[in-house]
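Student: Residues per chain, in single letters:
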Amino acid sequence: MPAAVKLENVVKRFGALEVLKGISFDIEAGQVVALIGASGSGKSTALRCINRLEQIQSGTIEVCGHRVEDPALDPRSLRQDVGMVFQSYNLFPHMTVGENVMLALKRVKRMDRSAARKVAERVLRQVGLAEKIDNYPEQLSGGQQQRVAIARSLAMAPKVMLFDEVTSALDPKLTGEVLRVMEDLAKAGMTMVVVTHEMAFARRAADKVIFMHQGHVHEVGDASILTTPETPELREFLDHDL
Amino acid sequence: MGDFSSGHMIYLLNGLMWTVLLSMLAMLLGGIAGFAVMLARISQRRWLRRISLGYVQIVQGTPLLIQMFLMYFGLGVAGIEVPALVAAALAMMIYSSAYLGEIWRGSVLSIDNTQFEAAETLALTRWQSLVDVILPQALRIATPPTVGFTVQLVKNTSLASVVGFLELTRSAQVINNSLFEPFLVFGIAAVLYFAVCYPLSLWSRILERKLNAGRRQA
Amino acid sequence: MNYEFDFAALAPYWQSFLAGAWVTIQLTVVSVALGLVIGVLCAVARRSGVRSLRMAAGAYIETVRNTPFIVQIFFIFFGLSSIGLRLPILWAAVFALVINVGAYAAEIIRAGMDAIPYGQIEAAEALGLTKFQIYRDVIIMPAIEKVYPSLTSQFVLMMLTTSITSQISAEELTGVANNIQSNTFRSLETYVVVGLLYIGITFLMRGAFWALGQIAFPRRRRLGLL
Numbered sequence: 017m018p019a020a021v022k023l024e025n026v027v028k029r030f031g032a033l034e035v036l037k038g039i040s041f042d043i044e045a046g047q048v049v050a051l052i053g054a055s056g057s058g059k060s061t062a063l064r065c066i067n068r069l070e071q072i073q074s075g076t077i078e079v080c081g082h083r084v085e086d087p088a089l090d091p092r093s094l095r096q097d098v099g100m101v102f103q104s105y106n107l108f109p110h111m112t113v114g115e116n117v118m119l120a121l122k123r124v125k126r127m128d129r130s131a132a133r134k135v136a137e138r139v140l141r142q143v144g145l146a147e148k149i150d151n152y153p154e155q156l157s158g159g160q161q162q163r164v165a166i167a168r169s170l171a172m173a174p175k176v177m178l179f180d181e182v183t184s185a186l187d188p189k190l191t192g193e194v195l196r197v198m199e200d201l202a203k204a205g206m207t208m209v210v211v212t213h214e215m216a217f218a219r220r221a222a223d224k225v226i227f228m229h230q231g232h233v234h235e236v237g238d239a240s241i242l243t244t245p246e247t248p249e250l251r252e253f254l255d256h257d258l
Numbered sequence: 019m020g021d022f023s024s025g026h027m028i029y030l031l032n033g034l035m036w037t038v039l040l041s042m043l044a045m046l047l048g049g050i051a052g053f054a055v056m057l058a059r060i061s062q063r064r065w066l067r068r069i070s071l072g073y074v075q076i077v078q079g080t081p082l083l084i085q086m087f088l089m090y091f092g093l094g095v096a097g098i099e100v101p102a103l104v105a106a107a108l109a110m111m112i113y114s115s116a117y118l119g120e121i122w123r124g125s126v127l128s129i130d131n132t133q134f135e136a137a138e139t140l141a142l143t144r145w146q147s148l149v150d151v152i153l154p155q156a157l158r159i160a161t162p163p164t165v166g167f168t169v170q171l172v173k174n175t176s177l178a179s180v181v182g183f184l185e186l187t188r189s190a191q192v193i194n195n196s197l198f199e200p201f202l203v204f205g206i207a208a209v210l211y212f213a214v215c216y217p218l219s220l221w222s223r224i225l226e227r228k229l230n231a232g233r234r235q236a
Numbered sequence: 006m007n008y009e010f011d012f013a014a015l016a017p018y019w020q021s022f023l024a025g026a027w028v029t030i031q032l033t034v035v036s037v038a039l040g041l042v043i044g045v046l047c048a049v050a051r052r053s054g055v056r057s058l059r060m061a062a063g064a065y066i067e068t069v070r071n072t073p074f075i076v077q078i079f080f081i082f083f084g085l086s087s088i089g090l091r092l093p094i095l096w097a098a099v100f101a102l103v104i105n106v107g108a109y110a111a112e113i114i115r116a117g118m119d120a121i122p123y124g125q126i127e128a129a130e131a132l133g134l135t136k137f138q139i140y141r142d143v144i145i146m147p148a149i150e151k152v153y154p155s156l157t158s159q160f161v162l163m164m165l166t167t168s169i170t171s172q173i174s175a176e177e178l179t180g181v182a183n184n185i186q187s188n189t190f191r192s193l194e195t196y197v198v199v200g201l202l203y204i205g206i207t208f209l210m211r212g213a214f215w216a217l218g219q220i221a222f223p224r225r226r227r228l229g230l231l
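Order-wise, the sequence lines are chains A, B and C.
Numbering-wise (this note's numbering), the first sequence opens with residue 17 and increments by one.
Numbering-wise (this note's numbering), the second sequence opens with residue 19 and increments by one.
Numbering-wise (this note's numbering), the third sequence opens with residue 6 and increments by one.
Mixed in with the good hints there might be a few duds.
If you only want the chain A side, here are some residues facing chain C, beta carbon under 10 Å, derived [to be verified]:
id: 1; residue: Phe30
id: 2; residue: Ala120
id: 3; residue: Glu154
If you are wondering where the hints come from, they were derived from the structure by calculation, not from laboratory data.
The model shown is predicted, which means the values in this text are computed figures rather than measured ones.
Glycine included, every Cβ here is placed at the ideal spot set by N, Cα and C.
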């Protein structure tokens, strides 16, 4: 089975600062991968390189058959296969929940309004927010907004979904409702790359855990490395985190 | 054609001098009247608030050009003979008092109301609270938009040309009537206005940025 | 002072006053619409990655904002006719007004665009929207919503500015007034009446913008923000 996402020797610099110092890993279709590490370790940057929100300096990234590092690649074709959910939700405040979900369906997938509305209803039901379709984002709690953001991304039927610290802005109660939605997605077979601080979630849901440290992939394994880490750096990180 | 001479330039510069003078006069008179408008707008007396609101609505609802005509002809029918400079300055006083009054009212109201309450618990009178506590804080906030308004003021002195005051725009018209070189003559006038207004615009923007930076730190 | 006001002398001219007011309203509507377009385009140009485009838009905006409208309209109207281009007066008036208000609108709209959080744009990129779609759906509309109050005050100021077009003999409200007062010698009364008409138009305009905001920004209506 070909990898859904494959990074090889990826280097990313911001000016003189080298954030990714030649990282490699791959993710199979249907896998849930947790990207963990201290802040500044490069995990969010790695995630953002996967759908080319950041342009890399060298190395290769292949995502669902797209050569991401190729300057000739139209990022829009890539992004139809790769969904992304952000820490700060980034819902469009001037649009209702339904309009948020329908925007890309209409503009990118060229669906008509009624077809887009049907998709929106389906994905919002999936995240448990069908009744909020005509509300505005600011009328929703943080957890609900984040679930809408997941639905918005899900509506495009991506092959891979990226989650960038999606619960960091939420209190524990709201975190739970978002993580439950993500676990449902994982069970349904979605390929997911999750940058997270929620070790409990990683233990439960991740098929693969990638620990990043100072711009390198430092340790890779299944969820068991979170209980029996091999490297002292991961052990220290886990101790700190608890 | 094309015989724009140094004499013409001196004539324009003379006009510019009157433009600057009228601007300063308008700012001085408008500032005093604007302060009164601001006080009336935040007064605790309802009738004073109502009247001053009406005044502001009327002034901000009519063109300065019409205000110029009204002042010019109004003084005329009242039998008061004044130079065009005075008529223009009085019209601009009324015009700027409304805008400055509103700018300053906004600045005063942007000061947290708890400052007023704190001053009152110290048994300061309302006037003392205003002068000693509120205004010094409001001043910082009011400065950038006030400087910004002076740009409007300088530009709007050009309308004094319609009541015959020989400032920069009128001077340019006079020269153009004899030379008929509108691009050149009005172009030079525009450059002269720009030379006065642009530094003020920049200054206002810098003050604004400083204020925002200070606020973000706070 | 023993001046006797005589508004009755103006009565025969009521149709002229209304015709002038109507021209003022037409000038305003056309200039607001076109000025908004210029404003949006220049605001986008000010944020462009192309340096020359940014500089050109900046130069235009600063030139207009730091020179008086009356000089601008003389420059355009008399300037163009000096090279043989005789525009109809109302066209020249609209042209000058659009150039003027476009620059002010551009600065206001740009401030609104700058206030859109960058994450909004990234989210739209991640959804696969084109640059044009992102500008239209995610930047321009919410930016205008944010600055709607300043934008509409600027447009009211522009309506008052239309009075200056009387100086190139446009037959709008002030131009009509100039004619009437020279016929009747009732200058003060004429300008009082015209002043009141301007106040009426100002309130009309504020009402129209309020209603327009209700239609254009359903979120503000729903959340009671307008």
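Student: Just pull the numbers of the violated hints for me, sorted ascending.
Tutor: 1
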